[in-house]
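Visitor: Use these hints to put chain B onto chain A, whose structure you have.
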Amino acid sequence: MFKYSLTFLFSFLLVLQLNAQKNTEPTQNEIAQANTIKESFQEDNVAVEKESYHITFDFNKSDQKVTVFEKINKNLINLDSRADIQAYCFYDGESEIESFTVKYKTNRDADYPVNDEAIKSRDLFHNDARVKYVNLDFPLKGYKYATETVKKYKDIKYFTSLYFNDDFPALEKQIIVEIPDWLDLELKEMNFDGYDIKKTVEPNTKNNSKIYSYTLENVAGMYKDESAPGPSYIYPHILVLAKSYSYGGEQYKIFESTQDLYNWYKSLVNSLENNNTVIKAKVEELTKDAKTDEEKIKNIYYWVQDNIRYIAFEDGIAGFKPDEASNVFKKRYGDCKGMANLTKQMLLEAGFDARLTWIGTKRIAYDYSTPNLSVDNHMICTLMKDNKPVYLDGTEKFNAYGEFADRIQGKQVLIENGDSYILNTVPVSDASENIETYDYKLKIVDDVIFGSVSKKFEGESRSSLLQYLNQLKTDKKEDFLVWYLNKGNSNIGVVDVITSDLSNREIPVNLDYFITIKNAISSFDGTAYIDLDFEKELSGYYFDERKTDYILDYKKHLISTTTLDLPEGYTVSELPKNINASSENFDLSVTFTKQGNSIIYKKDFKIKNAIVKTSDFETWNVFIKNLKALYNEQIILTKS
Amino acid sequence: MKLRLSLLLTLFFSTIIIAQSKDEQEARDFFWGENDTYKTVVNVPEKWQNESAVIIYKNENYDFHKFGKKVNYKSSIRKRIKLLDKAAVEEFSEFSYQKRFRVSKGVSLGTRGNNIIGVKVIKPDGSESIIDINKEAVEVDGETKVAIPNLEVGDIIDYYSYSIEPFKSTYAFGFNPVERTLSEEYPIMDYKLFFETENDFFINFKSFNGAPELKKIETDKKNLRRYELTESDIEKHKNERWFFPLVELPCYKFQVFFARSGKFEKRADAFLSDKEEIIKTSVSKEEVLNQYDDIYPYGDLKYEERFLKNKEFASDSEKAIAIYYFMRHHYLTRFIEAYIIKDAGILDYPFGVYGNDATMFNSDNTFLKHYIAILKDNKIKCDLLVGKKRYDGSLDDLLIYKNLNTLIKTQTNPPVYVKPFGPHTTVNTFDPTLEGAEAYLLSPVKRWDYDQIERTAVPVSNYQVNKTNKNIAISLTDDFNGFSVKSVVSYTGHEKEDQQFDRLIFKDYVDEDYQKYETESFIKLLRKSKQEKYRNELNAVIEKLREKQKETFVNSAKTEYNLTNIEDYTYSINETGRYTFEDPLSYTEAFISTGDLIKKAGPNYIIEIGKFIGGQIDILDENKERDENIYMGYPRSYQYSINLTVPEGYTIAGLDKLNKSIDNKTGSFVSSASLDGNTLTIKTSKEYKHNYVSKSDWQLMINFLDEAHQFTNEKILLKKS
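Here the protein sequences line up with chains A and B, keeping their order.
Numbering-wise, my numbering puts 592 at position 592 of the first sequence, and it's gapless, one number per residue.
For my numbering, add 1000 to where a residue sits in the second sequence, where the first one is 1.
Same shape as in the complex, but just chain A (with noise of 0.2 Å):
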């Protein structure tokens, strides 16, 4: 039965139970509003008036911790017909929600439930992250409700920025933090430029503190462009960097340098046990018949890489102290901490100076010179090699010893030093290096294209490669390999496919097959038209709506080079025009030759820090759109 028809008989109710209070109805006054705020925001169908942060300290005397409360008072209104949204808060066991209320226009409560929910993570196990939330339906344009949440932080800490975008775009957005005279804090201001943040401060002589105020008009809300930069890159925010706290005379210190907070995680690096007996042998097992020191350091780096699946527990600490590398070794699994620290206690094992990494991956904009717990994410280990350093990411899979992913290269490194500590920065790489060369030998019969074709991966597009084909069911490589080389296409037919040995991280991966495409010729009257690409790299990067700039994986270039060998008594009538775009992120160029009696096709792609910025846009579009017609122009041979 359809599935409305569940319940069997209703009661006998003439009286309509009503959920809407009275007076909640916009008036024509707000739906005005809510049409003018739509003209600026079309794409949002909800937006607040005013949003805004009151940030207030405390000091915890039983812990002798400094806490934080933060209020957060939003005023929503619909722009659209209807809009169904949800209003939330996270916390973790690091926090918690003291208070979170909705109400009305008229200032009634709502009374809505708040549901309460782990987060549940694709790339974590498990972790303490949860969510208080309310579904609001806003049956009206122009209908308004008031949400206040009221969020503490135990440990100041963990309270780290303030952002002034937020879901919904705001007509204004005011963040007030008021510091007491015993609290000494930096409110760093970031990516302010370009943005009118009216700013004041003054001194609140009741309490002794200074409130600072800060006020955005019109602010969009955050952008939902996928592969976008972090949004410590684009967005205006507060970086809160607190220094130190006075109790009883005597002041304590909480990051006021780096050296603080490098004093903090190596506290917690400090209380681990250390104690490798259970991996002595494997160590032993991977090093003996090793000629070479530095043979002995990829057996350690590839049986970490091969072996320990990363599976992460983020739960309190332990989303900062690494596990025992004993048990992350037993377990054969781990979050990036834990793999880091057994890489490091392997190589110490095996003789050699290693160290822990802390690093802020490529999605996060700051360095080690604003000290906070938002400057990384991440942990690798580094090894000591002749007084150079040399890094390793257990995380990393098919990645070659001396070879760093792109999402660290460039960024700043805090190493473990005994008491102090090393900042470096891991080398930047070319795109060049992770190169992938396809060169076709084709030739025309009766219509089909067939022919040899031979395709070499290095670097990154070398082992983001691998690593795909060797998570696949083993059943079902052979059939996954011709997928991958013929798109699922089946006018492609691909054969006798020989490969290089795809569980050598070292060696560049190559493919080599036989290749026959059907209905890539079109002829008409003794004209062919030929459809010479079948792979039309790029066509789908159009960036019209893109707000952010996109970020690829890592560097990418291509070089794609096709002969195509005319049949005899054809000459070709014509050929696409060559074109080609350039800039400080990318050198993009598609060439058309006649060499004898063969075309040769080539497309160079080359972008060099794995990019597009917004202000490449222009050019980059104009690249893409010449380049879809490239692709949309067909090679005409004409009967001689």
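Calculated directly from the structure, the hints in this document are not laboratory data.
Computed from a predicted structure; not experimentally measured.
Honestly, I wouldn't trust all of these hints.
Said to hold, decoys possible - Derived coverage of chain A by chain B (criterion: at least 3 residues anywhere in the stretch with Cβ under 8 Å from a Cβ of chain B; other residues may be distant):
| hint | segment |
| --- | --- |
| 1 | 115-126 |
| 2 | 627-637 |
Unchecked claim - Okay, the calculated bits of chain B under chain A, using three or more residues with CB under 8 Å as the criterion:
| hint | segment |
| --- | --- |
| 3 | 1135-1143 |
| 4 | 1585-1599 |
Stated by the list, open to error - Which chain B residues stay away from chain A? Per the calculated CB distances, all over 12 Å, these:
| hint | residue |
| --- | --- |
| 5 | Ser1161 |
| 6 | Leu1441 |
| 7 | Asn1629 |
| 8 | Asn1659 |
| 9 | Asp1663 |
We treat Cβ as the ideally placed atom computed from N, Cα and C, and that holds for glycine.
Guide: Okay, now just chain B, sitting in the frame of chain A:
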């Protein structure tokens, strides 16, 4: 006092903990105890070395015991699996389950159900480590997750899940039926299914398609019964298109019923064995007839009588049809606005507006009895058509009562078939999965009791009626970079119902019904002073639904024609098709597409005209051989008429490739192209003639499917004159 309370609590909790650990020990002994003959099996056959994983032993157990009304139901599964690659290690490296769960059967005894999990990892050298689940697990919001430590390629993971569910049932209680193939995603070396029951538990069980029979194991207790089914060397099976695994692969089906006395046995919604010690393996037609004892005319007919008053019908068939559609509105579509209003949170309880007049059917049987009652009132006799879905095997293999589907067939000329309704259900419409299936026809001989039964077959609809029809008018945009497309689309027969749910929002059909039956809309039933407010809010819901609908339709057009850009999309409904099986749901959509399906060729253009019939099935080489028969939903056809306006100054070349014709007993693909003035007309027709095709005719199907797919590759040249 406080001390006593805490002492009591301690005792209480320790009792729970002791009971829990007792169950844990029991589960562990059951699977991994001394009698475990698989303890030392670590090798897998050479022929399966290239698999991702091989199941060394799979063991499923069902244990039914009772004490009076109290039932203790245990079910468990164990798998011992050799992991041969990283994909398998990844798949078995994490488990999540509910340790304690709400009992869903009978009446809860106040205790929760208990899931016990056991996992051990066996290394290639035979060394075993049992995972301490309580130590490794994390529980959040009732979900327990375990990451399996020290699991590597080449290891064996041996795990069990043991579920204990106690409940109470005074009346007969049916456990969920189980219908499974022996094979699964990984090959299995040894398999055992095991039952343990006692009196008051009735088992229906049968093996099919060559699966071994269930065997009785002798026990030393009269009241205790044990059975097992064992099999070895089971190849994995892959998921094929158009395939019903239960019809062809070795499989078993069973259902267990708990009935404490003859009185309850009789009332059970099941075909029960005469005695508990006899496993029921078949159901006779007499038993089917007996089971329909409770279908008799029953219902308050005043609304139907009022509806029929002063109405004349050309025949009893017409009358039966009119009653059906009246009921569909009176008991369902009349309330849909109220449901929408409730779901949207506009009113918590909108049904009050109907006063004491809001009656709906809570089960299929209530509907059947009510409809029979109104037929009886009008002296129209009717039969019951009782069938079993095609994917579930033949009628002779009937074992489980829930697998039967019931329709009413009037004894009129022509007969009218009706089934319990949804908002768009039409008369003379059978569930496609029932069509062509063998069925029973139950007829009343004496009065209105169903006392005669005979075999029949459910009629099959044909491919001409189950049709998608598209008339597509295409013209090029001025810049020759795209197309303006206008399609008039209609669906009839079985092609229609899914589309009605996708293409219509409630507003599109409730108004139609209000008008037809002269009923007031929800808003009109409200007090005048309230009407404007709720009309506005309901209109806001409609506006939002239309916006979302448009997004969906744009994406659907992009997918259908393989387009990246669509602009200026418009959509309107022409007919809803809700009153007969044959009437079409029809709509018109129009849009501008740019950048796709047209390629520049010097001064000329190549148009990928074949793509306008939408994506066609592409049978890849690996699927060209087939060992299984072909089971489809229903016979169907797709008729397209594509009309392209040829721009001035251009001619068309390449029409010859658009003329195709493959027609055989399984289906056809026929296309033709003609030019009339500046209009190119292409007509295509694709027919799947039957809902079943023998595997020996697979190549015939491939022939027309490939031809249709090839058509999508065809292009025409727009040549500058």
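Visitor: Each of the hints needs a verdict: does it hold here or not?
Guide: Evaluated hints:
Look at the segment 115-126 of chain A against chain B: 4 of its residues bring a Cβ nearer than 8 Å to a Cβ of that chain, three or more, so the hint holds. For the segment 627-637 of chain A, the stated coverage by chain B holds: 6 residues have a C-beta nearer than 8 Å to a C-beta of that chain, and at least 3 were required. Interface restraint, the segment 1135-1143 of chain B with chain A: holds (3 residues with C-beta to C-beta distance below 8 Å; minimum three). For the segment 1585-1599 of chain B, the assignment as covered by chain A holds, since 3 residues bring a beta-carbon within under 8 Å of that chain's beta-carbons and 3 suffice.
At the 12 Å boundary, the C-beta of Ser1161(B) stays outside the reach of chain A, the nearest C-beta of that chain being 20 Å off. Remark: the non-interface label on Leu1441(B) is consistent with the geometry, its nearest Cβ contact in chain A lying 23 Å away (cut-off 12 Å). Residue-level check passed: Asn1629(B) sits 24 Å from the nearest beta carbon of chain A, beyond 12 Å. Non-interface status of Asn1659(B) relative to chain A is upheld: no Cβ of that chain comes within 12 Å, the nearest being about 15 Å off.
With a closest Cβ-Cβ approach of about 23 Å to chain A, Asp1663(B) is found to remain outside the 12 Å limit, as its non-interface label requires.
Of the numbered hints given earlier, the model fails none.
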